[in-house]
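**Q** Spelled out from the first residue to the last, the chains are:
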Amino acid sequence: MQCPKCHAPMHTYNRNGVQIEQCSGCRGIFLDYGELESLTRLESQWNQQVPPAPPAPPAPGAPQAYPAAPAWGAQHGGHHGHHGHHKHHRGFGHMLFSS
Amino acid sequence: MSTTRAQLADAVSRIRPGAGDEAAVLADRADGTVVRCGAVVAKAHAPDADQVALAARLRVAAHPRCAGILLAPLAEADTLADGRQITLWTYGEPVAPDEPEAAPWAEAGALLARLHTVPPTALPGPLPSMRGPAKAARAVARLRATVTAAADAGPAAAEAGAGTEAGATPVRTGTPVRTGIAATTGPPALTTSAARSQLAAAAREVGRAWAGLPGWARGEGRAGAGPGALCHGDFHLGQLVRHHGRWLLIDVDDLGLGDPAWDLARPAAWYAAGLLAPEDWARFLGAYRAEGGPAAGSDDPWPRLDVPARALTVQTAALALAKAAAARRALDEAEEAMVDACVRIARLSEAVG
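As they're listed, the protein sequences go chains H and Y. In this text, residue positions in the first sequence follow my numbering: the first is 1, and each later residue adds one. In this text, residue positions in the second sequence follow my numbering: the first is 1, and each later residue adds one.
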C-alpha cells in the first residue's frame, strides 16, 4: 500500500491489537474504518485503570508542549503531523483575511 | 459594482482633488465596497447600515484615546446617491496575503489588548453594541437559505434527506483521519442530489453546533452583566494596516461594547481547528496578555474563549458552505477543518447536555 500523501510504501504495525499502516516516508498514519474508535476505546480503558500522572517536564530538546486547546479541538498537526512541523492547509491563507 | 467604484472615485476627487486618478477596488462585498485612489481609501458602507451607530463608531475611531490603536477617518464624509455613506481613510499597507507566515500576530494581540483597555466612559457615547454575535447569526441564516434554495432547485430534492441518514453520507466523519471512502469524495456540483445531500448534512452539523450555544452568542440578548469592553467585532488579518511602520486596526463597522473575548475568538477557532500554528497562537495570546488584555485569563484562556470560539467556528463553517455552494465548488482543506470542528462541537455539547 502506498501513502496517499507522499506515495512512499506504508508498513503495517500492530498497536494493542489494532492494525495501523504507517508511511515509511512522512510517518503519516492510516487507519481503516473503525480503527480510530478501537484506539479511542483502548485509550479510555487505559485512562480508567491508572490515575492521572502529573505532567512530566519536557525532556531537553523535546518539542514544546502545545498551548491549551478546548475539548472539541483538533489534534494539532493531524495524522500526518510531525512534531515541530506544522502542516500548511490549503485555503487557510485566504481564511485568515475573511470575515 | 463598477458604478460604485466610479461613484467612490468621484467622491474622492471631489473631496481630495489630485488624490490619485487610478481607482483600485480593494474589497467589494455586500457589507461594503472599498476603493483606493492613491493615498486615500474610500469606503461605501452597507446600504442597511445603522447611520446613528456608524456615526458613533466613527467618533470612536477619531477619538484621541484610540490613536495608535484604530486608524482614524479623514474628516470628510459623503453619501452616495442611493444613500450609502462614504468614509475616507488614509491608505495603509495591509498584511501580505501570500505571506501569512509573516503575519504580525504579536502586534495584533497587543493592539486588541489596548483596544479592550480603553475605558468606554472616556469615549463619546452612547456606544453601540459590538456586532460579532449578530454576524454569526447572519452567517447561519445565510447557510439555511442556501440549503433551502438548493433543496428547492432540483427534482431530486426529496432524495436529499434520504441519503444522509445512518452514516451513509461521505461528507464528514467527525475526525480528520481519512477512513477509506472519505478520500474518494469528488468536487460537488449542486446539480446532483449527492451534492445537495452533502450540503444538507454538513449544514445540519453546523446547525447542531449552533444550537448548543447560549443565546447571547447567537445574537439574542446581551452577554452577562456590565457594559463590557470596547471591541472590534470582526477581527481578522485583513483588519490590520501599517502606517509609518506601525500596525493599526481598521474597519469599525462592527465595533462597539461587548465581550472582548470575541475579538480573540477567530484566531482561537483557527487554532482549535488545527489550522493556526501553535507558535502563532502563543505569540498572539502572549502579546495580548503582556499588554494587559482582559479576555485571555492568566493561564488557560479557554474558560473565556470557549463560547465565542465555538460561535466563530460555526460562523466560518456556515459562510464557507454557503459560498462553496454558490460557486459550486468543493470546500478547501481549511474550510473542511472548520466543518469538522463543528461536528466535534455538536457532539460535545450534546454529550454534556
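Honestly, I wouldn't trust all of these hints.
Only some residues are given here: those of chain Y computed to face chain H with a beta carbon under 10 angstroms [what the hints assert, rightly or not]:
(1) V52
(2) P94
(3) R242
(4) A268
(5) A272
(6) T313
(7) A337
(8) R347
(9) L348
(10) V352
It should be emphasised that the hints constitute simulated quantities derived from the structure, not laboratory data. Virtual Cβ for every residue (Gly too), placed ideally from N, Cα, C.
**Q** If a hint holds in the structure, say so; if it does not, say that too.
**A** Hints, verified against the model:
The interface hint given for V52/Y is broken, as the beta carbon of that residue sits about 23 angstroms from the closest beta carbon of chain H, more than 10 angstroms. Hint status for P94/Y: holds, given a least beta-carbon distance of 8 angstroms to chain H, under 10 angstroms. Taking 10 angstroms as the C-beta contact cut-off toward chain H, the hint placing R242/Y at the interface is violated, the least distance being around 15 angstroms. This hint holds: A268/Y has a C-beta 8 angstroms from the nearest C-beta of chain H, less than the 10 angstroms allowed.
Evaluation of the A272/Y hint against chain H yields a held restraint, the C-beta minimum of about 4 angstroms falling below 10 angstroms. Checking T313/Y against chain H by beta carbon gives a least distance of about 8 angstroms; that is within 10 angstroms, so the hint holds. Annotation: A337/Y was flagged as interfacial toward chain H, and the flag holds, the nearest CB pair being 6 angstroms apart, inside 10 angstroms. The restraint placing R347/Y at the interface with chain H holds, with a minimum CB-CB distance near 8 angstroms, inside the 10 angstroms limit.
Evaluation of the L348/Y hint against chain H yields a held restraint, the C-beta minimum of about 5 angstroms falling below 10 angstroms. The beta carbon of V352/Y is positioned within 10 angstroms of a beta carbon in chain H (closest approach about 9 angstroms), and the interface hint is therefore held.
The structure fails to meet hints 1 and 3 from the earlier list, while all remaining hints are met.
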